[in-house]
Amino acid sequence: KEARLIVNTALREGPQHLEWLGKRADGSTFWQQVTVSIVTLHGRPCALSSSMDISQRKADEERLRLLTRAVEQSSAGIVITDTQGRIEFANQAMLQISGYTPNELLGATPSLFKSGHTSDEEYQELWQTITQGGIWQGEFYNLCKDGSPYWEAATIAPVRDTQGTITHYVSIKEDITERKAIQQEIQQARLRAEAASKAKSRFLANMSHEIRTPMNGVMGMAELLLGTTLNPQQRQWAETIITSAEQQLMVVNDVLEFSRLESEKMPMERRRYDLHALLRQIIQPYLLRLNGTEVRLLLDQAHDLPQWHWGDPGRIGQLIGNLLNNAVKFTEVGHILVEVKRDYYHVFLKVHDTGIGIPVNRQSALFQPFEQVDSSAARRYGGSGLGLAICKRLAQAMGGDIDLVSEEGQGSCFSVRLPLDIHPEQGPGRPIGQPLPLAERGFMLFSDYDLSADILRRIICYHGGIILDNHAETSLSEMPSGTSDANSPIILLYGAQPWAAQQLHQLRTQGYRLPCCWLSTSDLPEHETLASDMGCRAYLPLPHAEQALLPLLQQLTKTSPDRLLTQHCLPSEPGLTPRHASTQGLLRGRDILIAEDNMVNQMVLKALLQALGCEEPRLAEDGHQAVEALMAKRPDVILMDVQMPDWDGLQATTAIRAFEREHHLPRTPIIAVTATAMHGDHERCIQAGMDDYLSKPIRMEVLKTMLLKVLEPRKPLP
1 KEARLIVNTA LREGPQHLEW LGKRADGSTF WQQVTVSIVT LHGRPCALSS
51 SMDISQRKAD EERLRLLTRA VEQSSAGIVI TDTQGRIEFA NQAMLQISGY
101 TPNELLGATP SLFKSGHTSD EEYQELWQTI TQGGIWQGEF YNLCKDGSPY
151 WEAATIAPVR DTQGTITHYV SIKEDITERK AIQQEIQQAR LRAEAASKAK
201 SRFLANMSHE IRTPMNGVMG MAELLLGTTL NPQQRQWAET IITSAEQQLM
251 VVNDVLEFSR LESEKMPMER RRYDLHALLR QIIQPYLLRL NGTEVRLLLD
301 QAHDLPQWHW GDPGRIGQLI GNLLNNAVKF TEVGHILVEV KRDYYHVFLK
351 VHDTGIGIPV NRQSALFQPF EQVDSSAARR YGGSGLGLAI CKRLAQAMGG
401 DIDLVSEEGQ GSCFSVRLPL DIHPEQGPGR PIGQPLPLAE RGFMLFSDYD
451 LSADILRRII CYHGGIILDN HAETSLSEMP SGTSDANSPI ILLYGAQPWA
501 AQQLHQLRTQ GYRLPCCWLS TSDLPEHETL ASDMGCRAYL PLPHAEQALL
551 PLLQQLTKTS PDRLLTQHCL PSEPGLTPRH ASTQGLLRGR DILIAEDNMV
601 NQMVLKALLQ ALGCEEPRLA EDGHQAVEAL MAKRPDVILM DVQMPDWDGL
651 QATTAIRAFE REHHLPRTPI IAVTATAMHG DHERCIQAGM DDYLSKPIRM
701 EVLKTMLLKV LEPRKPLP
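Each residue of the sequence shown is one higher than the one before, counting from 1 in this note's numbering.
Keep in mind that the hints are not guaranteed to be accurate.
The calculated lysine-lysine pairs, modelled on PhoX-like cross-linking and capped at a C-alpha distance of 20 Å, are [what the hints assert, rightly or not]: (1) 350 x 329; (2) 633 x 606; (3) 558 x 606; (4) 114 x 145; (5) 114 x 180; (6) 23 x 58; (7) 392 x 329.
It should be emphasised that the hints constitute simulated quantities derived from the structure, not laboratory data.
Remember, predicted model here, so these are calculated numbers, not experimental data.
All chains should be modelled from the sequences, with the hints used to inform the complete structure.
Dropping the structure here:
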């Protein structure tokens, strides 16, 4: 019917051209172009039809229509120019972005949008890139038709014909004005946050300085007062001043540390450190705090624990110190045990105590800031409630975590798990085939505390010793009397002073001459005299680090000393001396320069140095005076305050080091003395050229240890 209609139309109007969707024999369809015309054949009109397959052309046309719709409907602005840069096409999005009409853009160049923000050099670089066949990407700050600015991200590329000749350039433009505004807001917010963080850090540093500076005077003068002749009540008052100041300082330190952790990332050092020595250093102050109490401080250290590790020893010390603070605070009777073990991947630092314990329903909240077991705990025991929150953050920052196991009334155990990062260079181990240090030597162990005895028993047995008797209630009268020889057992009395005194007295009065070592639960000067008077050959206070106990026992098994053998928890390392070593004349003949602007701190430092034997320390009130004093006469050591008027301690140290280099002088030891105590202060002092660092308030023992560390050994003056 349709074909007849076409033929009739061709008869009336001439040849007809149409596109027809045909069907092949296999049922598939195809587009064809059909031409129908009328011809005369044998005097009769006939229809002549010719057909051409146009399926490919129809597909091309459909793709072209699709591309056209995509370009027109794209949310990105699209501009096509000729090789001279004249605009031949702009889609609807570009018209909306710029505000121009098609007639206003056609024939114009993109310079129509210029705002003057982009330099001519940048345009030249763009043009050079695309004319050489490259693709240019960048951002423009352009102007709309009405003069309002907008940001666009543009990609411009050449268009080539079939011969590869560039015929046009196409530019795809995205309006990024809103994105730029957001980025600017974020940048401004970041700058404001950084400024606020710096302001907070300055405030914290100033706050620390303002609190620690007078605290240095309070604690320093109280400590000096304790060195004078006082009656019992006066001594108690002076000790109360120091104890109260220490408690206040701990609260201040917690608040400052937590504020610092909240306001900035927690920087971590990564350096080689001796874990064994670190544990001794951490424990020593708490041993002193527990002197005279009914609480024992014990250390149980695994034998396979490597000595040298990678990490941040300061942060590890801070973490364990906070846990020990808690244990000391909440434990009135019993023990505090620091246990250190390892597996293949981790080191475990545990602090057990026999304190008040923590109810199960309060345990999860303890690691939150300002949380304590209850409000009555805060009133009774004090503290800020920040210590455990700081511990949690420190452990996580070091790649570990902290757990708690506790039962109300039964004590607590805080367990810190940290990655085991062993340094490849370790000290010499136990040589294969060499006899054990205590090989087959007998020990008779008597202790008034089972846990103490268990720890000591493991240490002795590991090093080859034999425990002959370890029953705490065994009477010394059951042991054979008489004079000892080289193979006789060694008696180890492990207990508190009243118990040990009774045992020692019984041993002496019954005439027993077996070598005896008293392992005391407290570290008091009179204990050495007591041990010697009662016939002991060796004395050692708790806790028994193997590094201290083993050399002492080895010496005791080999010789019969004519004087009491003593060795404290901190071994004889450079700059470390026994706690009760005499300080008289320690700095006699030394020239020490104090650079300090605060008069009270001058008095404290001067008095502390004089107590250590320095007859007349020199004073400088600012950095300039310190440098001038050194140029006039080089001191043995400088105690350099960091915050001083005119030149601060860092500037003065830099100038001193430059002077020494210029004149080829040996390095003068400089110890930083600061009241800020912020993280990073130590590193800044070392970078400036200082040798070590003291944080106010300064204690006599810490100052003495530091001075012995930096001063070269010198024969005592007559």
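Against which earlier hints does the structure fall short, listed by number upward?
3
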